[in-house]
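Number of protein chains: 2
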Amino acid sequence: MTTPLAAKIAREYGTPAAVIDMDRVERNIARIQAACDAAGVANRPHIKTHKSPLLAQMQVKAGAKGITCQKLGEAEIMADAGIDDILISYNLIGEEKMARLGALQAKANMTVAADNSTVIAGLPQAAAASGRPLSVVVECDTGRKRAGVETPTEAVALAREIAASKGLIFAGFMLYPTETGWADAQKFFDEALAGVRAHGLDASIVSTGGTPNLKNVGKLKGATEHRPGTYIYNDRMQVAAGVASWDDCALNIYSTVVSRAGPDRGILDAGSKTLTSDTGGGLDGHGLILEHPEAKIARFAEEHGFLDLARSNTRPVVGDVVRIVPNHVCVVVNMMDEVVMVRGDEIIGILPVAARGKLR
Amino acid sequence: MTTPLAAKIAREYGTPAAVIDMDRVERNIARIQAACDAAGVANRPHIKTHKSPLLAQMQVKAGAKGITCQKLGEAEIMADAGIDDILISYNLIGEEKMARLGALQAKANMTVAADNSTVIAGLPQAAAASGRPLSVVVECDTGRKRAGVETPTEAVALAREIAASKGLIFAGFMLYPTETGWADAQKFFDEALAGVRAHGLDASIVSTGGTPNLKNVGKLKGATEHRPGTYIYNDRMQVAAGVASWDDCALNIYSTVVSRAGPDRGILDAGSKTLTSDTGGGLDGHGLILEHPEAKIARFAEEHGFLDLARSNTRPVVGDVVRIVPNHVCVVVNMMDEVVMVRGDEIIGILPVAARGKLR
Chain X
1 MTTPLAAKIA
11 REYGTPAAVI
21 DMDRVERNIA
31 RIQAACDAAG
41 VANRPHIKTH
51 KSPLLAQMQV
61 KAGAKGITCQ
71 KLGEAEIMAD
81 AGIDDILISY
91 NLIGEEKMAR
101 LGALQAKANM
111 TVAADNSTVI
121 AGLPQAAAAS
131 GRPLSVVVEC
141 DTGRKRAGVE
151 TPTEAVALAR
161 EIAASKGLIF
171 AGFMLYPTET
181 GWADAQKFFD
191 EALAGVRAHG
201 LDASIVSTGG
211 TPNLKNVGKL
221 KGATEHRPGT
231 YIYNDRMQVA
241 AGVASWDDCA
251 LNIYSTVVSR
261 AGPDRGILDA
271 GSKTLTSDTG
281 GGLDGHGLIL
291 EHPEAKIARF
301 AEEHGFLDLA
311 RSNTRPVVGD
321 VVRIVPNHVC
331 VVVNMMDEVV
341 MVRGDEIIGI
351 LPVAARGKLR
Chain V
1 MTTPLAAKIA
11 REYGTPAAVI
21 DMDRVERNIA
31 RIQAACDAAG
41 VANRPHIKTH
51 KSPLLAQMQV
61 KAGAKGITCQ
71 KLGEAEIMAD
81 AGIDDILISY
91 NLIGEEKMAR
101 LGALQAKANM
111 TVAADNSTVI
121 AGLPQAAAAS
131 GRPLSVVVEC
141 DTGRKRAGVE
151 TPTEAVALAR
161 EIAASKGLIF
171 AGFMLYPTET
181 GWADAQKFFD
191 EALAGVRAHG
201 LDASIVSTGG
211 TPNLKNVGKL
221 KGATEHRPGT
231 YIYNDRMQVA
241 AGVASWDDCA
251 LNIYSTVVSR
261 AGPDRGILDA
271 GSKTLTSDTG
281 GGLDGHGLIL
291 EHPEAKIARF
301 AEEHGFLDLA
311 RSNTRPVVGD
321 VVRIVPNHVC
331 VVVNMMDEVV
341 MVRGDEIIGI
351 LPVAARGKLR
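As given, the protein sequences belong to chains X and V, one line each in that order.
Oh and the first sequence: position 335 is 335 in full-length UniProt numbering, straight run, nothing missing.
Oh and the second sequence: position 128 is 128 in full-length UniProt numbering, straight run, nothing missing.
Note that these hints are calculated values from the structure, not bench results.
Hints are not guaranteed to be accurate.
As the list claims (entries may be wrong) - Here are the simulated lysine-lysine pairs, DSBU-like style, with alpha carbons at most 30 Å apart: (1) Lys8/X x Lys107/V; (2) Lys215/X x Lys61/X; (3) Lys296/X x Lys145/V; (4) Lys219/X x Lys65/X; (5) Lys187/X x Lys65/X; (6) Lys61/V x Lys215/V; (7) Lys145/X x Lys219/X; (8) Lys61/V x Lys221/V; (9) Lys215/V x Lys187/V; (10) Lys166/X x Lys8/V; (11) Lys145/X x Lys187/X; (12) Lys187/V x Lys145/V; (13) Lys296/V x Lys145/X; (14) Lys8/V x Lys107/X; (15) Lys65/V x Lys215/V; (16) Lys107/V x Lys65/V; (17) Lys187/X x Lys215/X; (18) Lys166/V x Lys8/X.
To be verified - Restraint ranges, calculated between C-beta atoms of paired labels, are given here: (19) Ala99/V x Asp308/X: 30 to 38 Å; (20) Asp37/V x Pro352/X: 41 to 49 Å; (21) Asn313/X x Lys107/V: 43 to 51 Å; (22) Ala103/X x Glu294/V: 38 to 46 Å; (23) Glu179/X x Arg31/V: 48 to 56 Å; (24) Lys61/V x Glu26/X: 47 to 55 Å; (25) Ser245/V x Val317/X: 41 to 49 Å.
We treat Cβ as the ideally placed atom computed from N, Cα and C, and that holds for glycine.
Just chain X, with the same shape it has in the complex:
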C-alpha cells in the first residue's frame, strides 16, 4: 500500500527521502514553547536535531530565548542567519577553535560550556579576539557519566577559575539530569550555587536539557532555561519515553521496497547510510513502518534495509513506498543534505540541512 503523498514523493523527488510535515513541526514548536512558558523557564532549543536556520528562526519567533549548538560549525551557520543568542554546550579546545569562537563572539552573544581547566585556559584567546567578554557555564555531570564535573566542589573551583580569567564571565551551570535523577541534580546544583555565592559569584544561567526531560521541565528549583532538541520532529525514542505520540512524529523516511526475495523477507532502499545503525537505546528493529507496524527492519547493509515480515500479516510488494518513523531522528537528519517539506498531501518545498556534516 502506497499513500497518495508517498506516490507523489517517489515520482517527483525519489526515495529514500526524509519528509517533514510542517503542520506537525509548527505544532511541536508551539506545544513545547507553551510547556516551557508554563513552567517559567526559558526555551533554548538544541538545533542539532534539525540543523536548519529556517527552523531555528521559527523556534525563536515562537518565543525561544536563543538556541543551543553542539559544534562551532553549527553555530557559525546559525549566527550567519541572524540568530544572536547561542550556547555551545560543549568543551571547545585548540587554537583553531578559539579563533573561530572569537569571530563568532564578535557577531553574536555566545556562551560556552567547560568542565575542566584546560578548556578554561584556552577561552581567553577567543574573548581577546572578539574584543568583549565571553560567558562560560560550568558543565555538571548529574548522572549520565558523559562530560561534566562530578562534584559540586569541582564545579565551584572551575567557576572561580572562570571568574579569575581575563575576558571570561562565570555565567552559571549547565546540567543534563537523567529522567529519574532530578532530585540528585537539585542537590548537586544547590551545593554548587551555595559554593559560588560564598565566593561572591552567582549563576545567571541554570540550564537543563533533553526532550525526554520535558516531563520534568521546571522541576529544578532555580533553573532558568531548558534545552530540548528532538521535540521538533520526535521519533520512536520519544514515543518510548512517553513525551510524544505517533502523531507528533513530524519526520518520516519514505522508502521503496526494492526486492522481496524470500516470502518472509523484503529489502528497503533505506539502509544504514539513511536510517543509521542507532538502536535508539535498544529499541526492537531500526524504525517503525507505518504501513506495516508488525514488520521489523531487522538489520542493515549500507543501502539495504532487511525486512523481516515473519510476524506481519500485511506484506508489501516490490515498488511499494512505505513511511518509516526513525529510532533516533537527530542522527538520521544528519545523513542528508535536504529534507522535503509537506503540508497535508502537498509538497511545499525543499529545506537544506544547512549545518549537516559540521563535524568541527
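Based on these hints, arrange chain V on the given structure of chain X.
Below, chain V without anything else, positioned relative to chain X:
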C-alpha cells in the same frame, strides 16, 4: 601523547577530522589491482567507500575496468568526472530514477542489476530515453539473504525476461558470495549459466564482490570481475577478516580528548555523528585508538565518544589528539564533506567526499 602530525591537523584544520594517508591509499590500490590481475579477473572497485571521483580515477588509472556504484546519485557524480564504465549494483525502481538512468546511459556505459520483474519492467523506459541498449545483470543471492534471486531457476527466468525486453541486454550475473560460501556460489552459477545457455543466452559479466572476499578472488570458475570497495582505506572489520593489516588502514579519525571526568573515563570529540554506531559486525568498542589500544570507545552520544580507560595502562590527558581506526570506514566517510590528505607528516590537501549524502 599527540603525534606531530596530529598536532598539526588539530592546529591547522581542527578535530574531529578524517585523515587519509595517500601513500597507503596508493599502496592499497596497487596491491588489490595486482591481486585481481593475478587471479585473471577484472577489478571493478565499489566507490561507496570513498565517494571521490579523484580516487575513482586513480583506481581506473591503476588498471580497474570500471567502477561500481550503489546509488544513481553516486553514478552521476562519477560520470560527470569522466568515468565511463559504471555498474549500479542495485534494483532501481520508479519514473524519477528511470529518467536519471536514461540521462546517465546517454553519457556513460551503464550496467544495472535486477532481481525481480518489477525492476525489469521499468528499465526499458531508461533505455528508450538514452536511445541505446542498457545492460542488465541478474542479482543472485548466494547466502547473504540480502537482495538477489534465491534459485538458479528464477535467475534464468529473469535473464529471459531481460532478453525479451525492448532496449535491454542480458549481460550476466552479479553474485556476492559469503566468505565461506564460494562452493555454493559455484553450484548456483553453474546451474544458472547452463540454464541461460539452454535458451541461447550467455553471460559476458560474472561479477563477484567484497573486500573480505579478496582472499577468494578468482575462486569462482567463470568469474569475469570482482567488486571490492573497502580495500582502498581498510578498517577494523578488514583486519578482523584477515585481509588487511593495521598498516593498510589508510584512514584515521583524529579526535581530541575534551574531558576526563572520572579517573577511568574520558570523552572524545568524535561521537555517533562522526564514527557512526556501526559495530562492524560485533567488534568490541567503536574503533581502535592507536595511542591507547587497550582503551575502549564504549558508547556514543551524538558528539561524544565515551572512553572506558579501566583496562588501559596509558591514559590520555585533556587536549591530547588521538588517531582512531574506525570499525567500518565506508559509513564513517559518508558522515563528512571532506577528508584531509597527508603524506608522511605533511598535509597535502583537502579531498571532497563529492558523492556523500547521495541517498537517491
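Results of checking the hints against the structure:
1. Lys8/X x Lys107/V: At roughly 28 Å apart (the allowed maximum being 30 Å), lysine 107/V and lysine 8/X satisfy the hint.
2. Lys215/X x Lys61/X: Distance ~23 Å between lysine 215/X and lysine 61/X Cα, so the pair holds.
3. Lys296/X x Lys145/V: holds, 15 Å
4. Lys219/X x Lys65/X: holds, 19 Å
5. Lys187/X x Lys65/X: holds, 26 Å
6. Lys61/V x Lys215/V: With a Cα-Cα distance of about 23 Å, the restraint between lysine 61/V and lysine 215/V holds, given a limit of 30 Å.
7. Lys145/X x Lys219/X: Holds - the C-alpha atoms of lysine 219/X and lysine 145/X are around 21 Å apart, at most 30 Å.
8. Lys61/V x Lys221/V: holds, 27 Å
9. Lys215/V x Lys187/V: Distance of about 19 Å is within 30 Å: holds.
10. Lys166/X x Lys8/V: holds, 27 Å
11. Lys145/X x Lys187/X: holds, 17 Å
12. Lys187/V x Lys145/V: With Cα atoms ~17 Å apart, lysine 187/V and lysine 145/V stay inside 30 Å; holds.
13. Lys296/V x Lys145/X: The hint holds at about 15 Å.
14. Lys8/V x Lys107/X: Status holds; Cα separation ~28 Å.
15. Lys65/V x Lys215/V: holds, 20 Å
16. Lys107/V x Lys65/V: Judged against 30 Å, a Cα distance of about 17 Å means the pair holds.
17. Lys187/X x Lys215/X: Holds: lysine 187/X and lysine 215/X sit about 19 Å apart, inside 30 Å.
18. Lys166/V x Lys8/X: Within the cut-off at roughly 27 Å; holds.
19. Ala99/V x Asp308/X: 30 to 38 Å: holds, 33 Å
20. Asp37/V x Pro352/X: 41 to 49 Å: Between aspartate 37/V and proline 352/X, where Cβ atoms are some 44 Å apart, the hint holds.
21. Asn313/X x Lys107/V: 43 to 51 Å: holds, 46 Å
22. Ala103/X x Glu294/V: 38 to 46 Å: Holds - the Cβ-Cβ distance for alanine 103/X and glutamate 294/V, about 39 Å, lies within 38 to 46 Å.
23. Glu179/X x Arg31/V: 48 to 56 Å: Roughly 51 Å apart at Cβ, these two residues keep to the hinted range, so it holds.
24. Lys61/V x Glu26/X: 47 to 55 Å: holds, 53 Å
25. Ser245/V x Val317/X: 41 to 49 Å: At roughly 46 Å between Cβ atoms, valine 317/X and serine 245/V fall inside 41 to 49 Å, so the hint holds.
Consistency with the previously given hints is maintained throughout, with no hint failing.
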